[in-house]
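Engineer: One-letter residues, chain by chain:
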Amino acid sequence: MTDALEIIDLHAKIEEREILKGLSLTIRKGEVHAIMGPNGSGKSTLANTIAGNPKYTVTAGQILMKGNNLLELDVDARARQGLFLAFQYPCEVPGVRMSNFLRLACNARAGKELEVMEFYDKLEKKMKFLDIDDAFMKRYLNEGFSGGEKKRHEILQMMMLEPEFAVMDETDSGLDIDALKVVSRGVNELRGPNLGVLIITHYERILRYIQPDFIHILVDGKIVKSGGRELAGHLEEHGYDWVIGDKSMGVSA
Amino acid sequence: MTTPSPELARGPYKEGFHDDLKTIHSVPKGLSHSVVDYMCDVKGEPAWMREFRHRSLDIFLKTELPAWLPGLRDLDYDAITYYLSPVNKSSRKWEDVPEEIRRTYDKLGIAKEEQKLLGGLGAQIDSEMAYHNIQDSLSKKGVVFLSCDEGMKQYPEIFREHFATAIPPEDNKFAALNSAFWSGGSFVYIPKGVKCDIPLSVYFRINAEQFGQFERTLIIVEDDAFCHYVEGCSAPVYTTHSLHAAVVEIFVKNRARCRYTTIQNWSTDVYNLVTKRAMVSSKGVMEWVDGNLGSKRTVKYPSCYLIGEGAHGEVLSLASADKGMWQDAGAKMVFMAPNCTARINSKSISGHGGRASYRGLVQVRGEAPNCRVQVNCDALILDSNSRSDTYPVMEIDGELVTVEHEASVSSVSDEQLFYLTSRGIKKEDAISMIVNGFIEPIVKELPMEFAVEINRLINLQMEGSVG
Numbered sequence: 001m002t003d004a005l006e007i008i009d010l011h012a013k014i015e016e017r018e019i020l021k022g023l024s025l026t027i028r029k030g031e032v033h034a035i036m037g038p039n040g041s042g043k044s045t046l047a048n049t050i051a052g053n054p055k056y057t058v059t060a061g062q063i064l065m066k067g068n069n070l071l072e073l074d075v076d077a078r079a080r081q082g083l084f085l086a087f088q089y090p091c092e093v094p095g096v097r098m099s100n101f102l103r104l105a106c107n108a109r110a111g112k113e114l115e116v117m118e119f120y121d122k123l124e125k126k127m128k129f130l131d132i133d134d135a136f137m138k139r140y141l142n143e144g145f146s147g148g149e150k151k152r153h154e155i156l157q158m159m160m161l162e163p164e165f166a167v168m169d170e171t172d173s174g175l176d177i178d179a180l181k182v183v184s185r186g187v188n189e190l191r192g193p194n195l196g197v198l199i200i201t202h203y204e205r206i207l208r209y210i211q212p213d214f215i216h217i218l219v220d221g222k223i224v225k226s227g228g229r230e231l232a233g234h235l236e237e238h239g240y241d242w243v244i245g246d247k248s249m250g251v252s253a
Numbered sequence: 254m255t256t257p258s259p260e261l262a263r264g265p266y267k268e269g270f271h272d273d274l275k276t277i278h279s280v281p282k283g284l285s286h287s288v289v290d291y292m293c294d295v296k297g298e299p300a301w302m303r304e305f306r307h308r309s310l311d312i313f314l315k316t317e318l319p320a321w322l323p324g325l326r327d328l329d330y331d332a333i334t335y336y337l338s339p340v341n342k343s344s345r346k347w348e349d350v351p352e353e354i355r356r357t358y359d360k361l362g363i364a365k366e367e368q369k370l371l372g373g374l375g376a377q378i379d380s381e382m383a384y385h386n387i388q389d390s391l392s393k394k395g396v397v398f399l400s401c402d403e404g405m406k407q408y409p410e411i412f413r414e415h416f417a418t419a420i421p422p423e424d425n426k427f428a429a430l431n432s433a434f435w436s437g438g439s440f441v442y443i444p445k446g447v448k449c450d451i452p453l454s455v456y457f458r459i460n461a462e463q464f465g466q467f468e469r470t471l472i473i474v475e476d477d478a479f480c481h482y483v484e485g486c487s488a489p490v491y492t493t494h495s496l497h498a499a500v501v502e503i504f505v506k507n508r509a510r511c512r513y514t515t516i517q518n519w520s521t522d523v524y525n526l527v528t529k530r531a532m533v534s535s536k537g538v539m540e541w542v543d544g545n546l547g548s549k550r551t552v553k554y555p556s557c558y559l560i561g562e563g564a565h566g567e568v569l570s571l572a573s574a575d576k577g578m579w580q581d582a583g584a585k586m587v588f589m590a591p592n593c594t595a596r597i598n599s600k601s602i603s604g605h606g607g608r609a610s611y612r613g614l615v616q617v618r619g620e621a622p623n624c625r626v627q628v629n630c631d632a633l634i635l636d637s638n639s640r641s642d643t644y645p646v647m648e649i650d651g652e653l654v655t656v657e658h659e660a661s662v663s664s665v666s667d668e669q670l671f672y673l674t675s676r677g678i679k680k681e682d683a684i685s686m687i688v689n690g691f692i693e694p695i696v697k698e699l700p701m702e703f704a705v706e707i708n709r710l711i712n713l714q715m716e717g718s719v720g
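Listed in order, the protein sequences are those of chains P and X.
If you count by this note's numbering, then the first sequence holds residues 1 to 253, one letter each, in order.
If you count by this note's numbering, then the second sequence holds residues 254 to 720, one letter each, in order.
None of these hints come from the bench; they were simulated from the model.
The model shown is predicted, which means the values in this text are computed figures rather than measured ones.
Just so you know, not all the hints are guaranteed correct.
[What the hints assert, rightly or not] If you want the ones that stay clear, here's a sample from chain P, every Cβ over 12 Å from chain X, calculated:
{"id": "1", "residue": "Ile132"}
{"id": "2", "residue": "Leu190"}
{"id": "3", "residue": "Gly192"}
{"id": "4", "residue": "Glu237"}
[To be verified] Capping the alpha-carbon separation at 25 Å, the derived lysine-lysine pairs in DSS-like fashion look like this:
{"id": "5", "chain 1": "X", "residue 1": "Lys296", "chain 2": "X", "residue 2": "Lys346"}
{"id": "6", "chain 1": "X", "residue 1": "Lys679", "chain 2": "P", "residue 2": "Lys150"}
{"id": "7", "chain 1": "P", "residue 1": "Lys138", "chain 2": "X", "residue 2": "Lys680"}
Every residue, glycine too, gets a C-beta built ideally from N, C-alpha and C.
In isolation and in its complexed conformation, chain X is listed as follows (with noise of 0.2 Å):
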């Protein structure tokens, strides 16, 4: 097929704007404990976690990046600010966000209007929420939304029983690095046998330059509780790059469900190194939804640790690699009690010499017998400039398990294409059609207004695709 115009790749990207924000508190460049410490002095932490966040560091400092996960050289750590904020509160009004963050939020269409279809909303610019509320009828239920660091402050106990316990520092490199110097991010509890029906979510914008993100969540469903967590992210657009390595925790207990919904649009500068997991206790069912449409590189396998009889995971990974970006996604799923299922479907699509990389681990333990595990992953190539690789991993010790893997890889065909436009389709429309094709299956699984935005996205990459 014709191979497309890479200046073309992208469409507008929209997000790619910055604003010239009055910064309250910041930091020098580079990694240090006196970061640490200042970040513990402002934001006036208990004393347990000044001393993890300095061990935190330590563990980054000595951990190796693994051997497996290449293409980071250009990451600089020195060049980057740990914390910096342009707000010193997370208001609960909308009108008590300083104007100029309003007026960044509303250029991003995060307008107030959208607090209707939510059951509760969070903003985060840099490393603070500047805004954070829920409506009145699920706090009254007991729902708390509020953001990580006051869920530190007006939590303390439910706090510390489960931060990182899903994801200790120890975990990986960047999973140390967050716990260093973690910032913003929410905290989400769902009492008992509570149905939050209405979505949580909570929108990530990275304003300054050369800057890091590090927010934290930690959502805990209690038993028979349900909840929808949806986020999203953008980044203005720069020469250097900026970094974003959040650590997301999720207590899914038993019968509980929670629906977790990413819509990944970083600029092309993010370096988006984020580790997710859930521990669901018996019967309960995690599901992941994870699109990555933005970013220069991401790594990110959202994972599901079923640790109680009879739970279930679900990871919906739908990726979009353009130009300049290499999306390494996937899935984990760890059984590890009898009885569990699992299913990964994951679709990705690379173009203009993009490149989509899916790696996934099944890991059934020996403790978990019984066990039924689906694993789809499906790969379409636009161009002869871009690659798509698929790394999946069983280890299977358990018994009387059932392993379903399929993986497909295709290109838009000249057949389909010829087929579509002799019906007077233009072709870049017909590409468009095709690769919504492709994708179709996972996005007919997400909310309306959810799909509409990923069709949005992927349309604006699609554009240019002709040659």
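With the rest of the complex left out, here is chain P (with noise of 0.2 Å):
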């Protein structure tokens, strides 16, 4: 069994429309991986298809996380075996209020009835860690929250989850600077060996918050350059016409 979550030539589609065209990426724990792309490239796609939405369809190709097949999970299962995703557009559920869609998040995670003093405890923690109000917990789960406030409530869930791998599809986009640095606080409170991350971007900004171990490039649903952090420097240089315009890099993923 290998500790990491294993993409193996994925290829993806969403209404007929294959997205994904062969795409290969291993996480291990402890790593940060940071995956590029220009608009229309598949961010998004690997994202949802990781976590299962069932909207997209895995026409070839595996993934595992621990070794187990993910593909055979269903999206809840997947999360109780420690699969996270930070959503871009996390969505409103009126009336669930955010503790208790909280506490019966974390009991689903742990298995078990938490006990309740300690789920507040650890919550109260982790709110005032990302400086978010106290208030906010008698709220409606996102209903009515800013951008910001519904992305620092996706590193708060990420927190209290603990997960083992986190998938981020574009945690950076509509984020001002203050909520961009407290987002990047969250995320490196948690990086440690336990965790592999894959932060899925447009930009380059926050990989000044969150500096990753390694860089992918994606195009057209797939992988077509990796290096080090220098590559991020380049696209901020170049942007994506660079590789775009000369595919004979290929994949070295």
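Each of the two chains sits in its own frame; use the hints to bring them together as a complex.
Structural biologist: Quick look at the structure:
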């Protein structure tokens, strides 16, 4: 058994349109990977497919988590086994209190009813760490939240659920610099030998705050270039045209 | 979204059992004037009531069902027993209730302990009240809480002054039916200025098969007084039909306030055709909290007639239509005096092929200027086999009237399900969360114990919602 999230030659489609066309990537625990790519390259499809969004269909390839076939599991079972997706657009669920939702989610992840006091102690600490106001917990799930509040809350969930592998789908989009700093603080706090992270982003900006170990460039459903942090700077300077124009680099993941 | 499998609809209905109870009074099946006479004889009623009952039966027989009220074709009036009782008196002590009936109530959890939270408790089985009691502290203040039959005997003047004045037998076919065969229900009288802070509660049980329960409730809340009345109900699961046609008349006097909470949980054998109306005097407040979670067919629109200046009416309506159910619920607000206000807040859920309708009337008469009414009705449809309809009627003659009406229809969205399940929450629990979230604005206005009961019943219906 490998302590990793392994994506092997993944093909996936939405509504008969193939988006991922043979993507391979291995994220070991302790590593932070970033996937960058232009619009339409398949970034969100990758995030949704890993989490198991039923809108997307896997047509070929494999995803293994800790050696287990993730594709055989329902969305909720993947999460209980330690996968977490930070949503690009977290959705609103009216009438469901944040505290209630978080407690149910934590119980599900733990596989048992957690001590209520213990849960609230932990919650309070994490909220303080992320500068989240107490009143937040009495609000309904994401309802009427600003973009920044929603993202901050995604990170709070991640801190509470303590995943083994986290996929962050364009968490930086639409965030002002202060919110971005808070979100990054959360991820950096979690970073360590027990967590593998995949950051999916369009912009290099977030990578200044969460420094990845590896960067991959996604174009047209495939990883066309992989490397270290220096890739980000290169992209910033030259844009995606630089890789799109030079397909000869091929897949080097 | 996924279509749920219909055979899994509605979780276990734990109230669906029936007990073999010895019958003390009963009549042959079907409607007749001789049944009316039998009832009057057994009950020892005054002549005016006998005459009223006979007249009501004639009205029933002459009255057509309204054209807008479909779905009652299977109802066979001749297959029903109109009066039947396993008890011959209403006891004030729980120990005096026949043991076999106590066992029924024990199974339903209407245990004696519940009295501690209540100002009074009543328990009706089939046609008669088996138990009716009120805390001494309340009766010392002059609060009266009796079965309706006892109310007529012990307080004949107050009774006759109000009875059938809010809902005369001519009002509708089922009000006429109730007027002819009424039995049981509550008589509540709250004297001037008395605040009855703890709820008075009554539980209605149908045990017999192919039976008609026609309880009648009369509540009089005098000037500046307050009361909260709560009713619950259940019935066994048979393969035949039963009928429940209640009439509830409430008089909220000047500056008084009354809250009437219903948690209707009939089995899907029961036709539930109920008329509820409150006459609200100057600056009085009437609040109906109407939870319809069971029955085969419910037809019920709690009403407030705002007859005094500055009166306020409120209906919080919650309907959940599961497999085999059609909830035709709603509210009526009739403005008959200046400066009155009202609010209707309705939420319905339909799933497993169930059907929920909101039917509402807002009528502002010419003599009612400067009134304000706000109507919200939201429907949640769980699957493509289920249905929701809205029939709002507004008749506005008054001047300077403000009417707000908002309606929405939604379904459990795939996005919401994906989001919740991606946090490890099982799909079934996720649907439950979404549904409970939907009704939260109404449930949060209920006292804790009723909120818990409503959530429990809704969650039972959600069981098996995943295909």
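Engineer: Look at each hint and say if it fits the structure.
Structural biologist: Comparing the hints with the structure gives:
No Cβ of chain X approaches the Cβ of Ile132/P within 12 Å, the least distance being about 17 Å, so the stated non-interface status holds. At the 12 Å boundary, the C-beta of Leu190/P stays outside the reach of chain X, the nearest C-beta of that chain being 16 Å off. Residue-level check passed: Gly192/P sits 21 Å from the nearest beta carbon of chain X, beyond 12 Å. Every Cβ of chain X is farther than 12 Å from the Cβ of Glu237/P; the closest lies at roughly 36 Å, confirming the non-interface assignment.
Distance hint between Lys296/X and Lys346/X is fulfilled; the C-alpha atoms sit about 21 Å from each other, no more than 25 Å. As the CA atoms of Lys679/X and Lys150/P are separated by approximately 22 Å, the hinted pair is consistent with the 25 Å bound. Pair hint Lys138/P plus Lys680/X holds up; C-alpha atoms about 24 Å apart against a cutoff of 25 Å.
Figure legend: structure checked against the earlier numbered hints; every hint is met.
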